[in-house]
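K.L.:
Required output: the full structure, derived from the provided sequences and hints.
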Amino acid sequence: MSKLFALVDCNNFYASCERLFAPQLIGRPVVVLSNNDGCIIARSNEAKALGIAMGAPYFKCEKLLKARGVEVFSSNYALYGDISSRVMSLLGQLEPEMEVYSIDEAFLHLTAMAGGTLTDYGRELRRTVRRWTGIPVSIGIGPTKTLAKVAGHLAKKNEALQGVFDITSADVDEILGRFPVAEVWGIGRRLAERLTLCGVTTALDLKNCGDGWLRKKLSITGLRTAMELRGVPCLTLENCPVSRKSIASSKSFGYQVESLTELKEALATYIEQAAVRLRGQHLLANSLEISLTTNRFSKTAAHYSGRAVVTLPEATASTTVLIRHALPALSGLYRPGLCYQKAGVVLFGLVPETFYQANLFRPRDQKGGALMAALDQINARWGRATIQHGAAGFAKPWKNRQEQKSPAYTTSWQELPVVKASLP
DNA sequence: TCTGGGGTCCTAGGACCC
DNA sequence: TCTGGGGTCCTAGGACCC
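The numbers in numbering that gives the first Met the number 0 rise by one with no breaks, and the one at position 11 of the first sequence is 10.
Honestly, the hints are just simulated from the structure, not real lab data.
Check before you lean on any hint, since a few could be wrong.
[To be verified] PhoX-like cross-link-like pairs, simulated, lysine-lysine; straight-line CA separation at most 20 Å:
id	residue 1	residue 2
1	K395	K250
2	K216	K47
3	K341	K419
4	K250	K47
5	K398	K341
6	K65	K47
7	K398	K419
8	K59	K298
9	K47	K155
10	K366	K298
11	K404	K250
12	K404	K65
13	K47	K59
14	K250	K341
P.N.:
Structure follows, in structure tokens:
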């Protein structure tokens, strides 16, 4: 028997994390906001039931949320990241063949069962994750990743399934015939629109399209999706972590920024953040791209979006070097008089530290590495930006809003939850 | 006043080379 | 009069995911 895929998906993950340390939230509607408190990016079931849309701008539904008594949180990635790694490491212990697909999803290869059904086994997995981490999950099982995703959808939506659905135990075509094509993994809004115009509205329609037509209309990725719906695995379990191709840091400002000085501070700050991650993964960057944009929703001003690529003289992980090369490029993108909303940096051309290729015409800077290592150690111990580059500014008035953030319960000594117990 | 951030992959077209 | 063909690399843009 060939191996099956199981998709383990944490239910309403961010909202579930907030509830872990605030049990009074259980049963209440909870939403989590994106960075800058901009949009709604996670909703508890109770919030979904109130008709609160995914991605809705916060300022447009703030009143409704208040009126309905919805608990609102700014995103707390320190917390979500830590809880995620607990869930993933537990899953890895239970099923060694695992791919961590995202912060709240993992694919597993299920090995053959000795007695009992896969559904029973899935329920056992689910109970264990719940008991050990406090996080509720849904599990979809299928012969391909795409079918496991379909099964996962149903497991989450249909209460009677108790969180687990094995699509191989059902009539697949009957299920796909009722499954909207727009909800198929890999079919986004644009492709769904295009497919609908051609009369392809369900996953079953997509499955039955001709290969040539799919290839032409949706490219190789669309053809792969259709094959996967037919039960032919095209995507494998990626269980050894591949090295990153890029590391990005970009953020919206708390207000519209006009001055080049402030933009430079913001960009230097984002470079510091990206570079910490670069060093954490023992990589060097060969080039970087910076970007600067105005508000794309503005009805009064034309949208401006500039980007520039800088090739570095040699691969580096030094924040100082990265900042030194990026800031002049920023001046080149700057148009006086515009109000900017967002800036960012992407580091790419990443190579492992050990692959460092010397520049023929200049000696390697040996001190930089030790300096950065010391910087990272200090900041890891005493908090981000305990020591930082002057270029990144101090007051940082442009910083975005995060007004309703919960404590980093599990990753900061200062913010540990306090438990008070008294003897009877 | 206020609309996220960080990734990946694919394709088309142009530059360039021999 | 009449100006090739095949290959590679790079970039921008579009699409998707969570």
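K.L.:
None of the hints should be skipped; say for each whether it holds.
P.N.:
So, going through the hints one by one against the coordinates:
1. K395 / K250: holds, 13 Å
2. K216 / K47: The given pair, whose Cα atoms are some 34 Å apart, is violated under the 20 Å limit.
3. K341 / K419: violated, 44 Å
4. K250 / K47: Not satisfied, since the Cα-Cα distance of roughly 27 Å exceeds 20 Å.
5. K398 / K341: Holds - the C-alpha atoms of K341 and K398 are around 11 Å apart, at most 20 Å.
6. K65 / K47: OK: K65 and K47 at ~15 Å, within 20 Å.
7. K398 / K419: violated, 36 Å
8. K59 / K298: Judged against 20 Å, a Cα distance of about 17 Å means the pair holds.
9. K47 / K155: holds, 13 Å
10. K366 / K298: violated, 50 Å
11. K404 / K250: holds, 17 Å
12. K404 / K65: Between K404 and K65 the Cα gap is close to 17 Å, so the pair holds against 20 Å.
13. K47 / K59: Roughly 16 Å separates the two Cα atoms, so the pair holds.
14. K250 / K341: Holds, at roughly 6 Å.
The structure does not agree with the numbered hints 2, 3, 4, 7, 10 stated previously, though it agrees with the rest.
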